[in-house]
Amino acid sequence: MDMLSESKDGTIQNVTNDTTPPTTDKPIICVLDPSHNMFRVTRAKGKALASGGFGVTIRMEEEKDDNDEEEVTEEEVIEVENGMEQHTTQPSSLKSNAHANPSIFLFIEEALFLHERGLLQATMYQPSGESADPTILDTSQLHQLLPAMGMSLAMYLIFSHLRSQEFRVLRHDPQRFDILRRQIEHGLSKLESNRLRRQVRESIQHAAIPTIPMGDEHSFTIQLCWDCYQPNCQFAKTRPGLPDFYVAATYYSIPLVQFTELQQLVQDKCHGIPLKVATVSDSGTVVMFGVSEYGVPAIHDNIHDNNGEETLKAPGTEVIEPMMRSTK
Numbered sequence: 041m042d043m044l045s046e047s048k049d050g051t052i053q054n055v056t057n058d059t060t061p062p063t064t065d066k067p068i069i070c071v072l073d074p075s076h077n078m079f080r081v082t083r084a085k086g087k088a089l090a091s092g093g094f095g096v097t098i099r100m101e102e103e104k105d106d107n108d109e110e111e112v113t114e115e116e117v118i119e120v121e122n123g124m125e126q127h128t129t130q131p132s133s134l135k136s137n138a139h140a141n142p143s144i145f146l147f148i149e150e151a152l153f154l155h156e157r158g159l160l161q162a163t164m165y166q167p168s169g170e171s172a173d174p175t176i177l178d179t180s181q182l183h184q185l186l187p188a189m190g191m192s193l194a195m196y197l198i199f200s201h202l203r204s205q206e207f208r209v210l211r212h213d214p215q216r217f218d219i220l221r222r223q224i225e226h227g228l229s230k231l232e233s234n235r236l237r238r239q240v241r242e243s244i245q246h247a248a249i250p251t252i253p254m255g256d257e258h259s260f261t262i263q264l265c266w267d268c269y270q271p272n273c274q275f276a277k278t279r280p281g282l283p284d285f286y287v288a289a290t291y292y293s294i295p296l297v298q299f300t301e302l303q304q305l306v307q308d309k310c311h312g313i314p315l316k317v318a319t320v321s322d323s324g325t326v327v328m329f330g331v332s333e334y335g336v337p338a339i340h341d342n343i344h345d346n347n348g349e350e351t352l353k354a355p356g357t358e359v360i361e362p363m364m365r366s367t368k
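Taking the working numbering, I'd label the letters of the sequence shown as residues 41 to 368.
To be clear, the hints were calculated from the coordinates, so they are not data collected in a lab.
Treat each hint with caution, since some may be false.
Heads up, simulated EDC-like pairs for lysine to aspartate or glutamate below, C-alpha to C-alpha not over 20 Å straight-line [unchecked claim]:
hint: 1; residue 1: Lys309; residue 2: Asp218
hint: 2; residue 1: Lys309; residue 2: Asp284
hint: 3; residue 1: Lys87; residue 2: Asp218
hint: 4; residue 1: Lys309; residue 2: Glu206
hint: 5; residue 1: Lys66; residue 2: Glu242
hint: 6; residue 1: Lys230; residue 2: Asp218
hint: 7; residue 1: Lys230; residue 2: Glu242
Label-pair ranges, simulated between beta-carbon atoms [stated by the list, open to error]:
hint: 8; residue 1: Thr179; residue 2: Thr251; range: 15 to 25 Å
hint: 9; residue 1: Asn141; residue 2: Gly86; range: 14 to 24 Å
hint: 10; residue 1: Arg221; residue 2: Asn272; range: 14 to 24 Å
hint: 11; residue 1: Gly227; residue 2: Phe299; range: 37 to 47 Å
As the structure is a computational prediction, the values presented were derived from the model and not from experiment.
Virtual Cβ for every residue (Gly too), placed ideally from N, Cα, C.
Between the sequences and the hints, there should be enough to build the whole structure, so can you do that?
This is how it looks when you write it as structure tokens:
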């Protein structure tokens with residue numbers, strides 16, 4: 041399968057992408073929902089999404105008939121051990137003309153990743169309204185939606201690189217750490233536990249789109265982009281636990297990141313969570329290395345990995361593991 045790559049001068053190039061054989065089961069079907077800037081899943085089979093850590097459940101408000109006298113219920117989501125969400129309801133003291141139906145939504149990076157592996161069919165309704173049926177999107181059209189939905193190609197390549205190694209990946213939200221820390225406390229009431237689960241879900245839904253800030257060397261500030269979890273972790277979307285590591289991103293060919301910025305990011309934003317920095321080359325190659333806030337500056341700023349290749353080592357930081365590489 042061919043994949044688009046964004047070059048340094050802004051042009052689009054084709055690069056080879058590793059292929060995954062299409063599944064023999066019916067693919068997941070989703071439709072673009074402009075109101076949420078996400079894809080709403082209309083067909084999914086069993087645990088296909090939940091077991092892989094994809095998607096977020098959002099309540100869809102629907103108008104009810106004014107003459108409908110049914111008691112309005114408030115939905116709660118309780119996550120069971122295997123990561124699936126179980127929806128329960130409880131009576132509410134207030135009545136409304138609207139009720140909420142839960143739907144699973146996918147971000148553009150999730151939809152494109154699954155589509156490239158033959159696991160998902162993405163559709164959208166044409167703005168002109170000429171047809172009542174949604175149009176099926178191909179890979180090229182989904183790539184064109186990336187910038188329209190605020191996601192750069194470089195940032196998607198980082199997401200795809202991590203997901204292809206079966207890491208669970210969430211958009212970073214700076215407020216989520218405190219929620220997760222409270223969530224792992226013992227002795228929480230059922231009401232408090234459900235409230236925290238809802239807050240986690242909302243933090244995933246409303247997390248800012250990961251970006252690589254562009255500017256000169258005086259205004260560039262590297263930032264956290266992704267929360268990542270090991271493939272073998274007991275991952276549940278509304279109770280994921282603390283991340284195994286954070287990911288920040290930059291371009292390989294644009295040396296804007298200062299070493300002091302990396303140290304400051306570790307000290308001020310990571311809360312003891314390991315940090316990995318992902319760099320993306322013009323050809324679409326993703327290179328990642330780990331950074332810590334300690335380390336003795338070396339006379340030579342380069343070290344060698346197990347393959348004899350050079351790895352950047354910043355004074356005042358420490359490369360804590362070999363790089364991971366992928367070429368999309």
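We went through each hint and held it up to the structure:
1. Lys309 x Asp218: Roughly 12 Å between the alpha carbons, so the hint for Lys309 and Asp218 holds.
2. Lys309 x Asp284: holds, 14 Å
3. Lys87 x Asp218: Roughly 29 Å between the alpha carbons, so the hint for Lys87 and Asp218 is violated.
4. Lys309 x Glu206: violated, 25 Å
5. Lys66 x Glu242: The given pair, whose Cα atoms are some 30 Å apart, is violated under the 20 Å limit.
6. Lys230 x Asp218: This hinted pair holds, its Cα atoms lying about 19 Å apart.
7. Lys230 x Glu242: holds, 18 Å
8. Thr179 x Thr251: 15 to 25 Å: Given about 23 Å between the Cβ atoms, the range holds.
9. Asn141 x Gly86: 14 to 24 Å: holds, 20 Å
10. Arg221 x Asn272: 14 to 24 Å: holds, 22 Å
11. Gly227 x Phe299: 37 to 47 Å: holds, 43 Å
Checked against the numbered hints given earlier, the structure breaks hints 3, 4 and 5 and satisfies all the rest.
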